[in-house]
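Sequence lines, in order, name chains F and C.
Using this note's numbering, you'd call the opening residue of the first sequence number 1 and step up by one each time.
Using this note's numbering, you'd call the opening residue of the second sequence number 1 and step up by one each time.
Since the hints were made in silico from the structure, they are not lab data.
Hints may be right or wrong, so weigh each one.
[Stated by the list, open to error] Think about it this way: if two alpha-carbon atoms lie no more than 25 angstroms apart in a straight line, the pair counts; the simulated SDA-like pairs of lysine to any residue are:
#: 1; chain 1: C; residue 1: 270; chain 2: F; residue 2: 73
#: 2; chain 1: F; residue 1: 119; chain 2: C; residue 2: 364
#: 3; chain 1: F; residue 1: 114; chain 2: C; residue 2: 138
#: 4; chain 1: C; residue 1: 257; chain 2: F; residue 2: 73
Single-letter residue listing:
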Amino acid sequence: MTRKIIALTILLLATACVPPIVATPPQEPIKIGFYSVTPQIEWNRSMMSTRESWTIDGYALQALRFYTVGDGQTLSGQTDPDGKSPAFHKSMLPNEIQEFFVETLAAGGWAKVKPSGLKPAKFGSLPGFRFSFTMVEKDGLEYEGMALGAVKDDELNLILYSGTKLHYFPKYKPAVEKVFASISM
Amino acid sequence: MIGARNFAPLVAVLLLAACVAPPPPVADLKPGERPDINSDEAGLWMQMDQVEEMLKTSGHVVEDRKLNDYIRSVTCKLSAEYCQHLRLFVVQTPHFNASMAPNGTMQVWTGTLLRAQNEAQLAYILGHEMAHYIRRHSVQKWRSIRRTTDSMAFMGDLAQIVAMTSVLAFSRDHERESDDIGFDLMVKAGYDPAEAPKTWRALLAERDADGEEKDKPSVFFSSHPAVEERVETLDAKAAPLAGQGIVGDKPYVNAVKRHRRAWLKDEMRKRDFAGTQVVLANLAAAGHPAGDIKFFEGELYRLRGDEGDLKEAIVAYRSAIKAKGAPVEVHRSLGLAYWKTRQNKLARKSFSRYLAAAPKAEDRAMIQSYIDQLK
Chain F
1 MTRKIIALTI LLLATACVPP IVATPPQEPI KIGFYSVTPQ IEWNRSMMST
51 RESWTIDGYA LQALRFYTVG DGQTLSGQTD PDGKSPAFHK SMLPNEIQEF
101 FVETLAAGGW AKVKPSGLKP AKFGSLPGFR FSFTMVEKDG LEYEGMALGA
151 VKDDELNLIL YSGTKLHYFP KYKPAVEKVF ASISM
Chain C
1 MIGARNFAPL VAVLLLAACV APPPPVADLK PGERPDINSD EAGLWMQMDQ
51 VEEMLKTSGH VVEDRKLNDY IRSVTCKLSA EYCQHLRLFV VQTPHFNASM
101 APNGTMQVWT GTLLRAQNEA QLAYILGHEM AHYIRRHSVQ KWRSIRRTTD
151 SMAFMGDLAQ IVAMTSVLAF SRDHERESDD IGFDLMVKAG YDPAEAPKTW
201 RALLAERDAD GEEKDKPSVF FSSHPAVEER VETLDAKAAP LAGQGIVGDK
251 PYVNAVKRHR RAWLKDEMRK RDFAGTQVVL ANLAAAGHPA GDIKFFEGEL
301 YRLRGDEGDL KEAIVAYRSA IKAKGAPVEV HRSLGLAYWK TRQNKLARKS
351 FSRYLAAAPK AEDRAMIQSY IDQLK
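Between the sequences and the hints, there should be enough to build the whole structure, so can you do that?
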């Protein structure tokens with residue numbers, strides 16, 4: 001009996017570490033923090049406390065991630081007491097947020113991270129910004145991406161879409177544009 | 001601290017370690033020589049061949065033929081007969097390091113290239129790495145580890161600690177030997193020997209720039225001979241010959257200039273701001289354009305963001321604009337710093353200057369929106 005309880009406890013602890021993956025029903029609004037988005041197609045969705053991630057073919061091929069980052073936090077929502085990790089600060093202007101994002105990717109082992117096309121953009125009804133980027137995975141695979149963000153109540157809200165430059169990024173780019181356009185508050 | 005209870009087993013382990021015979025001497029690798037296919041050395045080479053294959057497609061390798069050709073030309077000045085058997089990879093990572101695999105795969109990290117001040121210093125670093133290859137240090141170390149750990153396998157944790165200490169000590173001997181040979185190769189190739197100890201002196205200054213870090217030596221410092229010892233040894237060797245030979249500051253600055261800004265951006269991302277200030281001072285002394293160095297000094301203050309840093313950043317950006325060679329982005333950074341210190345008119349002016357200097361800037365629309373907001 002004791003063995004069964006231990007095994008069950010281990011199983012429960014293990015499953016607690018892996019976020020559940022569910023499908024997003026198309027045309028239905030999905031609430032993410034203070035805003036909602038309405039996907040036009042079905043995505044596989046996994047949720048964690050500080051962000052949630054969507055994909056269709058697998059996260060290594062393409063990923064749509066939604067971040068909410070507080071003042072002084074890293075992109076993953078952690079606080080770094082040593083100040084050695086790139087962190088968001090509420091006084092940052094869009095150029096500096098783009099810089100923070102590039103620094104975060106470089107610190108995560110991505111090579112040749114190159115942002116481009118930073119411009120003002122609406123995040124739902126909020127004034128925000130968007131930009132594109134390219135980067136190379138440590139084994140040489142090229143990726144492309146785009147980001148839409150806005151700061152509200154001292155928190156950075158960032159939606160990132162990235163995928164392999166060949167095939168997977170362009171494949172769902174139009175669908176992600178529709179997700180960006182669907183933001184409502 | 002080791003108590004009296006643990007003292008007796010420690011003595012026993014040390015005595016036993018002393019009884020392990022050193023591995024037989026290994027002859028130098030001849031140019032073009034490959035190890036016998038049935039040897040342990042051939043196994044090491046095969047593993048390194050696999051690493052090299054991965055390196056070939058790595059996103060971190062800097063693919064710039066001119067830069068690679070330049071570094072290769074310095075390697076060939078050190079030893080024409082060995083250089084044709086080496087494969088060079090410039091790896092984009094902001095730390096000071098270079099490495100040599102037993103099969104002749106040489107990695108030079110961009111953090112090292114950013115820190116070298118001239119061709120003579122680069123020659124000393126490359127000579128040091130070539131010495132590891134010629135003296136077959138990898139196979140010597142591999143055989144030493146095997147002999148030491150085999151003989152201690154039946155003992156406990158303490159034995160393992162002593163074994164590891166022995167391995168690290170052996171590595172330090174290899175580093176000393178490579179320092180010696182690297183020095184001799186650079187002198188023979190006609191470079192100024194006084195530049196060799198300067199390489200380490202600059203690293204020491206960087207390590208000690210932040211008082212807090214001084215008490216926390218890195219793995220590099222703990223597994224290599226003390227840098228102070230290296231400086232002392234090289235100073236003594238260089239003294240009779242100092243000032244004779246090529247320094248090669250201009251060719252070196254010219255060879256790395258296309259990458260300087262990218263490498264400095266990587267350096268900033270380490271967020272070792274005190275160390276980076278030393279790096280910037282050394283670059284200025286080496287003859288890199290003052291405008292560029294001042295710009296990055298401003299970036300350092302802006303990124304650090306301590307109290308008063310924005311004001312320091314503004315001073316540095318303004319100096320950069322007055323000096324030669326600053327990138328056009330200096331106007332954008334100055335604009336950001338002015339805006340954040342509520343100097344809106346000056347911010348607008350700086351952003352406008354940025355757009356005038358870079359009409360096709362990728363962030364033009366964003367900067368124009370800043371100007372509109374500041375009206």
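So, going through the hints one by one against the coordinates:
As the CA atoms of residue 270(C) and residue 73(F) are separated by approximately 17 angstroms, the hinted pair is consistent with the 25 angstroms bound. Between residue 119(F) and residue 364(C) the alpha-carbon distance is near 7 angstroms, which keeps this suggested pair within the 25 angstroms criterion. The straight-line distance between the Cα atoms of residue 114(F) and residue 138(C) is roughly 38 angstroms, outside the 25 angstroms bound, and the hint therefore fails. This hinted pair does not check out: residue 257(C) and residue 73(F) have alpha carbons roughly 35 angstroms apart, beyond 25 angstroms.
Of the numbered hints given earlier, the model fails hints 3 and 4; all others are met.
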